[in-house]
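Asker: Next come the chains, spelled out residue by residue.
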Amino acid sequence: MPEPLLEIDGLSISFRVGGRRMPALAEFSLAIHAGEVVGLVGESGSGKSTALFAVMNYLPENAVVERGSIRYRGIDLLSADRATLDGLRGRRLAMVYQDPGTALNPAIIAGDQIAEVLRRHLGFDEAGARQRTKELLRLVEIEDPDRVYRSYPHQLSGGMRQRVMIAMALSCEPDLLLMDEPTTALDVIVQAHVLDLVRSLQRKLRSAILFVSHNLGAVAAIAHRIGVLYAGELMELGPAVRILGKSRNPYTLGLLAAVPRIAGREAVQGIPGAASRDPQRFGRCVFAERCPSAEAICLAERPRLLAVPPDAAQRSRCHFANDPKIDRAWSQGAAAPTPSAQPRSAGADLLLEVAGLSVEYRQGFRLFARPALRALRNVSFRLPRERVLAIVGESGSGKSTLARAILRLEPGASGRVLFEGADVFALDAAGLRRFRRKAQIVFQNPTSSLNPQRSVFELVARPLALAAVPRREQRDRVRAVLAAVGLGDLYLDRYPRQLSGGEKQRVALARAFVTEPLLVILDEPTTALDVSVQAAVLELLAKEKERLRCAYLFISHDLAVVRQIADEVLVLRHGTVQESGPIEPLFEAPANAYTRALIAAVPSFSTDRATGGSPR
Amino acid sequence: MAPPRVVPALTRRAFGRGLATTGTVLAMPWVLGRRAYGEAKPGGQLTVALYKDLRTLNPIMGIFGNEWRATCNLYNNLTRLTAKGGVEGDLAESYAPSANGASWTFTLRQGVKFHDGSALTAADVVATIEKILDPATAAPYKAELGPIAAVKAVDGRTVRFDLASPYADLPKALASATARIVSERGIADFAKLDSAPHGTGPFILKEFAPNDHVLMERNPNYFRTGRPYLDRLLLRVLPDTTAQVAALENREVDAIGDVEADSFARLSAIKGVDAAQVVGGTFNNLVLYANQPPFDDERVRMALRLAMDREQMTAAITGGLGTPADDEPISAAYEYFDKTLALRKQDLAKARELLKQAGHGNGFEHRLVVSNSPASREKTAVVVQAMAAQIGIQFKIELMDNARYGATIWNKGVASYVGNYGTRPTEDAILSKLYSAKYGIDEGRWAGTEAGKRVEALIEQGRAVTDSAARRKIYDEIQRITSDDGPFIIPNFFNSLYASWTYVHEWPALAINTEMRLEESWLSPEAPGRKA
Amino acid sequence: MALALLPRRIFYGLVSLAILSVIIFVCTHLLPGDAATAILGEGATPAALAALRARLGLDQPAPLQFAHWLGGVLTGDFGVSTTLNQPAGPIIAERFLNSMALALVTIFCAAAIAIPLGVVAAVRRGSRLDGTILTASYVGISIPDFVLGPVLILLFAVPPLALFPSSGFVAFAASPAGWIAHLVLPVAALTVVLTAHLMRQTRSGMLDVLNSDYVRTARLKGLPERLVLWRHALRNALGTTLAVLALDLGYLMGSIVIIEEIFAYPGLGRLIVYAVANRDIPLVEDVALVIGTVYVAANLVADIAHAMLDPRLARP
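If you're matching them up, the sequences are chains A, B and C in order. Under this note's numbering, the first residue of the first sequence is numbered 557, with each subsequent residue one higher. Under this note's numbering, the first residue of the second sequence is numbered 51, with each subsequent residue one higher. Under this note's numbering, the first residue of the third sequence is numbered 161, with each subsequent residue one higher.
A hint or two may mislead.
[Unchecked claim] For lysine to any residue, the following SDA-like pairs were computed, each having C-alpha atoms within a straight-line distance of at most 25 Å:
{"#": "1", "chain 1": "B", "residue 1": "Lys429", "chain 2": "B", "residue 2": "Gln407"}
{"#": "2", "chain 1": "B", "residue 1": "Lys242", "chain 2": "C", "residue 2": "Val344"}
{"#": "3", "chain 1": "B", "residue 1": "Lys102", "chain 2": "C", "residue 2": "Val433"}
{"#": "4", "chain 1": "A", "residue 1": "Lys802", "chain 2": "A", "residue 2": "Asp883"}
The hints are simulated quantities; they were obtained by calculation from the structure and are not laboratory data.
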């Protein structure tokens, strides 16, 4: 093997929080060779971004490097001075960030932000830098580089901005490109385009890439090798094909099982519990509490990275890495697939009917009224009881507007919304209160939708209190619903800040379910959650639907998730319905080009075959 | 450090209603004169700091001291008060009453010119006086002129005032600030009089910025030859006492025309500054309505009077810069001040006894409204409150914005309050204002009582009688009755305070501190106003 | 704000001013007392009040008085001050220029001190220098102006130093040197007051920017820190500072009565307090209108400047 380009060796990093040191990364080692694409996968708190920014020697002020080193061509990056770093950053080591909307300077035109790098590192003069920048823009498949050069970041779409970022990162043809969730903030179709672009550029320029993401699909699409991080520990590392197809680590296997697949309705399975944040966790297996195969040794001893036969290219941090029992670990608890949609005669037990719903935002003062902005145009659908209708679309498609309009929260709405046959827009105050008890909504971000001043009990009991349910009965019903969402009595007196993201979303769901609603509108309910938690929440949703015999309006941009839960789908774009119908036919044979593009764009991977970038 | 300027007190009495700070006070109006420099030297600019508002130069409509401090340098009256409290002709060369007292005739000086060059004639006097008397003018101090029925130009330089009733004080009354003589032309252009004076005074207006400054220049055609000495006179409004003291210390101003009591000690401490005080007639009167309970009972009013320790109150309210008073408005600054009247001593036992007799054995609460301006009103209220509390009368003080107070409380008969009055040219002016329903406002609603009727009659007599001894008798009796029975608590008079650098000569330190006539003042060579 | 929206913003500004006028008129009318009681003082007999009200037009119905005032303003006639009995226009014009001079010089000084300090404090966050600057700004914020003004006078305007005149005002035309000398102390007092919060504003704006993703990008491009600060951070950090400066301008024009009184500075603040205390409604209305216009205009200018700094606002 030739000398690696970058060598991370035994890197341990912790953060000072309120006088304590919270370890974030434990003895992390990784070597990257020239031209190699390494993917780092992990959920929130896994330490993947910490590792990435450590390479740039750009850690938060409260970070402490406890041990280890990072060497780039023999230069110790962690002890390099600012001048050395300035010479490497942007020149040899370049970075692409998660959100190109905030990573570009809003006050400087896009082209100058690239040209600046050329002038700094490659000694271009102004005109030369401009010229070269436009070439770079062309390289990232921007068709009108002149216009984009002159544009301010806010004038560009998300995909364009990320292309500009990539052009900037590649401007000096760096040896190593560090990509921090580069597709996460993008809409699904754009995501696919950007991944394609990175893949093809990598082939062209042969830069090495360290690609960090929580999205297994995206990593699978590009990486030669994949490392799986969990709670600061590298759990498994190996060639992409083997990690995806022949993982020898319970966590990796659980993660793979939790990822919803666009290809068909398969059982997704959540990993129970949440990642450990115990500062002492590195003395044992960090995954032990959640691992179905755990034994006493897992809690007593830290597993080493064991080589997995046939060779040491794949290594797994598990005491039982080479024990066949871990293959069965997740099959035991696997739930039956969500019952597929039964065709029903619509109309007989129709719950919600939306007809010709439009929403207009009137802009400004009447005197100067500009043409109204139509957020939603003429949307119609019918939702029978006990069914799940998914509303699908990219950002700005009008999904959330639709949800709000149905609940009569949009003043500019017109058309008709019939709930149990009654016109929602014509309800009086009392009728509206009754309606809102029967129709609940759950939002994407549980942190902002739960009042931090109230205990879990108060939060969940609030709809009951508003409905004047006696206090005693409130307590019983809150307990029952918390149990149903998998939270015990222990949680009654906790406050949101004491809960993990998944727990918060369970509380939000409990609050929606406690009034035993007929309709629950779920606005991206799993988007803010980690994959393993998302799977558990999806399972919960399926269970609760059965119990309460209610209908869901499931709003999501994630088609793979939708595929797991919906009976019918409605595809929205720019406020208009593109296509709608029962899920199976629509996903198998979409009629609409946009729908086709959406489905095609979902990064998918099979556990059987590698779809990653071409091997070296 | 220069001690406060001590001018030999012309003590009109040693005891009785004694002076709070005997010996350091000018008991009579006086002029601070420093003869050491010899003859007056013309030239230079005198800058005087003023504290409060100065919004108009129209003497007829002015109500603020600073407005009068300005107009007395731009105008002349027919008469003027002398430093010793008497009266002399100013624009009038001579004056005399008719035999029956029904009219007064004034003969004007010759050769007096207005600033616009026109000559002073009887017509100007008639126009001015008629304008003041015209109800449509709404002149605030119209009543001070007395019972003038008509004013006639007998010839070019003779004016006759016909009176509704005999009025011995007319010459003094015409020295009032409101009665400055405006030219006929000025009266015709009355609307502009606020900023465009038409006077004969020693100075001519150059610049006027309301509430900020007035700049005047020497009137070269002034009828008193050689006067004024100053080339320029600048009045500056400095509405902050710290800045005012600093400005004087810095010699940015040469004198302060209306020193606030709380700056006096600091000013006295500046080496080279003369800080002087003159017994004044300014007072605060706490009004006890005599026509409504509980103060309609004279025993209750007397009980309250007996609860007051006036020496102590004077010290507290004026900080030693005042003289005790006996609940009536005539101070030692007036000619007919009754020096024999003994200051009432505090007698709490008797006060409680009187209250008990009146059926208030357990005391009572009473609302007292106090305007926030000037600040001495609140001090007076608080000190009276403390004294009254000793006998169980609990004043509930309510502080109020001055404009609101003026519109809703003052003289409205709705609640007790603390009034505030300045020194007047005549005893009659203040007495009739306060006690007469006919000529004034009967502020205490007291004119209907037996004592009040007696005082009203005495006021009428006092106006008619010219014999000095007879007038003294009348005013003595008024002071005695109002002090024993009147509807006010007046704990003290405030001294008039001045401060000026020693290089300012002939500073007019008068009891009526608003008559700041600077035509005799002059500057030593070291005065900054003489340089540059 | 998009520059294309400028006409609309101006229109809104005018509407706010109109509403302001009505509110002020109504409020001043609801206060007890009127100009007549203020003018007559203790000479306020019922007959005199009635006569004076007739002469001043105060006996007319309130809406008519307002209409009269408004009609005048719309034709450029600011009316006559009821209590000063002089045309309000020239009085206000003079005070306006004085206030404007004081405000602009103060703003300039405050910005010149506060912005560099704020930037330095942000860049050296947590250092002893930062601590010193922050502490100084706390002190600056906590000294009341009625203490600060006299202290400055006692320190600098009286012997032994006596460097500056203690108070008052000299027109620029009369003596440029005198004008400056008279401005020094009031400007110093106001600068202390403004610098503190302006500095903190700049510091927190700068901190936000320094923690932003794009500053991270700039650093990880390998740009030296100097360039990161000048090219990438400063410009974005000054937006909020500008908005605060605009509000400060309005504040300096009408709300610094105490400083104006202490330094006997003939500004608009004292004028409007006088006008309200004396129920001089035309003067109150006029001054309020002028101050309101300054607020509106200053905010417009700040918005435009902000738009020039932040292209997201100028070119949506």
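Asker: If a hint holds in the structure, say so; if it does not, say that too.
Answerer: Taking the hints in turn, this is what the structure says about them:
no. : hint                  : verdict
1   : B/Lys429 <-> B/Gln407 : violated, 30 Å
2   : B/Lys242 <-> C/Val344 : violated, 36 Å
3   : B/Lys102 <-> C/Val433 : holds, 13 Å
4   : A/Lys802 <-> A/Asp883 : holds, 10 Å
In this structure, the hints that do not hold are numbers 1, 2, in rising order.
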